[in-house]
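Novice: Residue numbers (our numbering), protein chains in the order written: chain A, -1 to 213; chain B, 105 to 478.
Just so you know, not all the hints are guaranteed correct.
Just a few of them, taken from the derived set where beta-carbon distance is under 7 Å, the chain A residues facing chain B [to be verified]:
1) P53
2) S61
3) S63
4) V88
5) L91
6) G94
Label-pair ranges, simulated between beta-carbon atoms [what the hints assert, rightly or not]:
7) A:P180 x B:T299: 22 to 32 Å
8) A:G146 x B:L282: 25 to 35 Å
9) B:V256 x A:A92: 40 to 50 Å
10) A:A148 x B:V256: 48 to 58 Å
11) B:N212 x A:D99: 57 to 67 Å
12) A:A92 x B:T390: 32 to 42 Å
13) A:D99 x B:L341: 40 to 50 Å
It is worth saying that the hints were derived from the structure and are not from the lab.
Think of the CB as a built atom: it goes at the ideal place given N, C-alpha and C, for glycine as much as any other residue.
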Amino acid sequence: MAMHHCQQKCAAIAIAALVSTAATGIAAAQAPAGASTPVEVRGGTASFDVGTNVPALNVHGKSTSLEARGTIRPGANGPQLEQIEATVPVKTLATGMGLRDEHMRKYVFTTADGQTPDVKFSARQAACSKTGASQSTCDVTGDLSIRGTARPFSISLKVTEDRDSYRASGDGIVKLSAYGIPQPSQLGVHTDDEIKLRLEFTARPAPVATTGVRR
Amino acid sequence: MTRGAIRVAMALAIGIAGATPAAALPTMIRIGYTNCAACHVAPQGGGVLTEYGQGIDQAQSLRGGELQRVQELHRRLIQDLRVVMQEQSTWTDRPMPNNFRPRLLYRNVTNLGAGFRLSGVATIEGASAPRPTKSYDPAARGSTLFVNSALVSYRPAKTLELDAGRDQLPSGVNVPSLGAYIRSRNRLGYYDAPTQLKMAWWGKRHQVMPYVYAPGGNEASGERESGAGTLAEFDLLGNQRTVVGASFLKGTARNGDRQMVGGYARLGFGRWGILAEHDVTDRTRTALAQSFTQNASFTQVFWAAREWLVLSGIGERLRVERPFLERRNAGQVELSARLAPQATIVLGTRLEKDLVTNRLAKSLILQMAFKTVY
């Protein structure tokens, strides 16, 4: 009886695993050349570094809640990225000092009507070029929205293929003035206009919504 | 209730009634403060805070909140009173008296304009706390009223300062505890305030502090030392959390000379960090044919459970060669709570083992620091 119960249950688990594997299409490398694979990023890192008018004092901040979706189309000259959508919730950005975080949210990310929309990035596509057997460089150009205002933003990502996932990191520059945001100032210390952004994340095949057995 | 307990209770009562720390806080490296110049008026650190520093001081306290901008007059004349009360109980195999040490400090910085300023710290104390007296290095003389620092400073550029007067010499990792071997055994005690001329030059990734010095006037006869030295530190990875540095000093006195070479690091990793220093001091005495070497090490691992609450584990090591043979190891656990911009409480326990006599000393330390904010 117990055996019979196990057979039923194990078969269900095996089917679920097969369906799940097929649905997520794990291993982009196994996908036919030219086919797009949906990928997603969860728990990526977005960090920033901005100088101040005080020598030797920079402000660093970080969020480990970067989320993104897009598709990757493998190609002979490197992967092609499409339909990229990324989000960083403002409340997850932290500098290590509570009061400074409050100031950052208030002076940089809060709209005139008191809202703090997430920082969003979108790009239609980005071409990558191979720099090694499993490495590529991708120049991604799109729109970065701060306070709900979109402005052009470019970042150069170094992408490393690792089995079924892609590890990426890159730096870009954001100017507060481009968004009409004054440089935050506190007790005589103010930040620079230019902010260096760094992104580090791993993109994995996105699970496709399925109907049927779920474990 | 014992007298010690009554004193502690009194100190706590005063603490509740009103009360900031103002010692150097190298632990701020954890959030990217590579050197002291961002928050302290003096680039060497310690002493009066800048307006921005006061804001950070408040923000890093349990009370928190925003500092209101000060009036223009207060930017020219910054002064405060600071009360520090330290109760230390030590147990060994021999009876040891409790040590209660109250101090009242007056600190003043007067900006004269055109880059010039005057600054000073004067202390009135209830019990003196000289560094350990050694036959090869007698402690400088203390007094009930002691001028720890009196400087004329000139800042010709935003990142360059020249100072002349009396003060403690610049030191590596710059921990506030004057009892640490790296300080107490290198003439960086409470009453060591040589006359000096020093320069501080700092930037995004570096700080250099060369200096020359002469006796402060309170040294023992024959121990009036003159010399020169420098500190040089560099932010290794450029992320403002990996500062490494070196210090050099050469001092000459009638009874003997010393040469010190040290290396240090201040590393920050967000909530926690590491402060470390190792100094090698080579000493000569006129009465001795040969020189002897002293090694002093300090390592502190700290963790900020909250912005205002920092727990530290400290390890120290001291080795002095014959004929003044000394071998000591010490370990300390310390909890520092910054309750408000005016009040800090430090509770610590320390074990110190003398490996030559095999004697173990256990100490319990309670320190409360209160200051007025103008």
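Novice: So, for every hint listed, does it hold in this structure?
Specialist: The hints, checked one at a time:
| no. | hint | verdict |
| --- | --- | --- |
| 1 | P53 | holds, 5 Å |
| 2 | S61 | violated, 13 Å |
| 3 | S63 | violated, 16 Å |
| 4 | V88 | violated, 19 Å |
| 5 | L91 | violated, 14 Å |
| 6 | G94 | holds, 4 Å |
| 7 | A:P180 x B:T299: 22 to 32 Å | violated, 47 Å |
| 8 | A:G146 x B:L282: 25 to 35 Å | violated, 54 Å |
| 9 | B:V256 x A:A92: 40 to 50 Å | holds, 42 Å |
| 10 | A:A148 x B:V256: 48 to 58 Å | holds, 55 Å |
| 11 | B:N212 x A:D99: 57 to 67 Å | violated, 34 Å |
| 12 | A:A92 x B:T390: 32 to 42 Å | violated, 59 Å |
| 13 | A:D99 x B:L341: 40 to 50 Å | violated, 24 Å |
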